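A.B. asks: Quick mapping for you: the protein sequence lines, in order, are chains A and G.
Every letter in the first sequence is one number past the one before it in numbering that gives the first Met the number 0, and letter 109, counting from 1, is 108.
Every letter in the second sequence is one number past the one before it in numbering that gives the first Met the number 0, and letter 178, counting from 1, is 177.
Simulated from the structure, these hints should not be mistaken for laboratory data.
Source: prediction; values computed, not measured.
Treat the hints with care, as some may be off.
Claimed, not checked - Straight-line alpha carbon distances no greater than 20 Å define the calculated EDC-like cross-link-like pairs of lysine to aspartate or glutamate that follow:
#, chain 1, residue 1, chain 2, residue 2
1, G, LYS107, A, GLU17
2, G, LYS195, A, GLU113
3, G, LYS195, A, GLU13
Next come the chains, spelled out residue by residue.
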Amino acid sequence: MILRFVRRPAFPGETNHELVWTLVFILSCIIGFIFFQLGGTSPSCLFYKLTTIPCLGCGATRCARELSHLNFWSAFKYHPSFFILFNLGLVWTLYSLVFWISGSSLRLRLVIDEAARRTLWVCVFIVAFIHWVWQCYYLR
Amino acid sequence: MQIHIARDSSSLGVFSLEEVILGLKSGRFLMTDLAWREGMSRWVMLAQWSEFAGVISAVPPDVTPQSNNISITVPWEKSRSIGSYFETIRGAILTPYSTFASGVFNFKDYITFGYITALFLIPFSIFGQLYQSDVNQNLIEILESFPQLSLSDVINGLKNQPPTPGYVAVCGIACYASLYPFFIALFGIFLWLGLKLLRESVTLSQTAVAVLISTSTVNLVSSLIILTAPFKIYSLLALLSIIPSVIISFRCTAAVLKVSPLKIFVVWFFWGMICSCCCCALGGAIGALGGAIGTLAK
Numbered sequence: 000m001i002l003r004f005v006r007r008p009a010f011p012g013e014t015n016h017e018l019v020w021t022l023v024f025i026l027s028c029i030i031g032f033i034f035f036q037l038g039g040t041s042p043s044c045l046f047y048k049l050t051t052i053p054c055l056g057c058g059a060t061r062c063a064r065e066l067s068h069l070n071f072w073s074a075f076k077y078h079p080s081f082f083i084l085f086n087l088g089l090v091w092t093l094y095s096l097v098f099w100i101s102g103s104s105l106r107l108r109l110v111i112d113e114a115a116r117r118t119l120w121v122c123v124f125i126v127a128f129i130h131w132v133w134q135c136y137y138l139r
Numbered sequence: 000m001q002i003h004i005a006r007d008s009s010s011l012g013v014f015s016l017e018e019v020i021l022g023l024k025s026g027r028f029l030m031t032d033l034a035w036r037e038g039m040s041r042w043v044m045l046a047q048w049s050e051f052a053g054v055i056s057a058v059p060p061d062v063t064p065q066s067n068n069i070s071i072t073v074p075w076e077k078s079r080s081i082g083s084y085f086e087t088i089r090g091a092i093l094t095p096y097s098t099f100a101s102g103v104f105n106f107k108d109y110i111t112f113g114y115i116t117a118l119f120l121i122p123f124s125i126f127g128q129l130y131q132s133d134v135n136q137n138l139i140e141i142l143e144s145f146p147q148l149s150l151s152d153v154i155n156g157l158k159n160q161p162p163t164p165g166y167v168a169v170c171g172i173a174c175y176a177s178l179y180p181f182f183i184a185l186f187g188i189f190l191w192l193g194l195k196l197l198r199e200s201v202t203l204s205q206t207a208v209a210v211l212i213s214t215s216t217v218n219l220v221s222s223l224i225i226l227t228a229p230f231k232i233y234s235l236l237a238l239l240s241i242i243p244s245v246i247i248s249f250r251c252t253a254a255v256l257k258v259s260p261l262k263i264f265v266v267w268f269f270w271g272m273i274c275s276c277c278c279c280a281l282g283g284a285i286g287a288l289g290g291a292i293g294t295l296a297k
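Make the full structure from the sequences, and use the hints.
C.D. replies: Have a look at this one:
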């Protein structure tokens, strides 16, 4: 099973992940910040209304709103997965900025084979389940 | 020794020396595939690796016809002029599948295309500003026309803001025009992500170009409607123009990407749901995950 990071040059035509995801993260932060400063919110959850059980997405808007007000602990409690995703985006953006400033040609890439990919998917489902248990406890 | 192999802008994975030798013999890998291993400064074709010299001589030469002589059908790629710009727009509206049958679709080549659109849009935007001086008021009216969305907080926030000064509107138009191709390309990223989830092999550059051409076409067509802003028919025309705009946009994007318009609709629907309702997005996300896992399991 192979699952490790390597630093290698980009091959011709490879997606420029250092540019794309950094732009997506920064623009999403700007749009989100403006949206929440204007008092924006999302429609209430239909799944929760029907079943009184939170869905996997419940609390994500509140998490984003708390993040826009820099209330990190509160944001984590509302939606741990979104909070982790936000932090991964932040780490990637910081790495990308270092990459662009240093002018390096070696890019950080995850090397993963099929067996590791399947294991990773199983881990994602386990994390999603733990997250959902937390949602059921905290948001109900 | 781990060797990274790539072909046609996508990575094939990491393989051992023995696996690559076997792959070359079986035809899994081509002599033209790019390869890299730790310590190398750039990717090199397998044909140029000394390790595979003996193997390559035993492999029959690739008889696949090379795509060097493909005739470009996109007017903008044949010659970059105002004439070819309008020819491309005309083709995007009337005959998208034949117009975009063959092209390179490199985003760098289409930045000028985007700026030409922005230049044409500026007079219409200024004209629109003359008749719609308060941008906030217009936005409030649009948002209030969707009572089913819980936007009351946003509407109240906008109502409490002072009217937008004229210079802000001018700066807004200038910013929009100066960033136009890149702003549109951002939407291309979302489409590309969605198509990747649907296991479509499209490049980011190609997707950004598809969205840029379709949006330019739709913007140009709908900008003409702004000319009716002083008249009462404006709202009705603006509303009716949505239908042809959507048809033009989907047909054009599908023609550039060589993907079913239905898949493009699914992607935009998926993003629309994520932005408006987390429950529906959850269903879409689970479906996409299931599809991805199903593909992996094959």
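A.B. asks: Taking the hints in turn, state whether each one holds.
C.D. replies: Comparing the hints with the structure gives:
no., hint, result
1, LYS107(G) - GLU17(A), "holds (17 Å)"
2, LYS195(G) - GLU113(A), "holds (18 Å)"
3, LYS195(G) - GLU13(A), "holds (14 Å)"
Violated hints for the displayed structure: none, as all numbered hints are satisfied.
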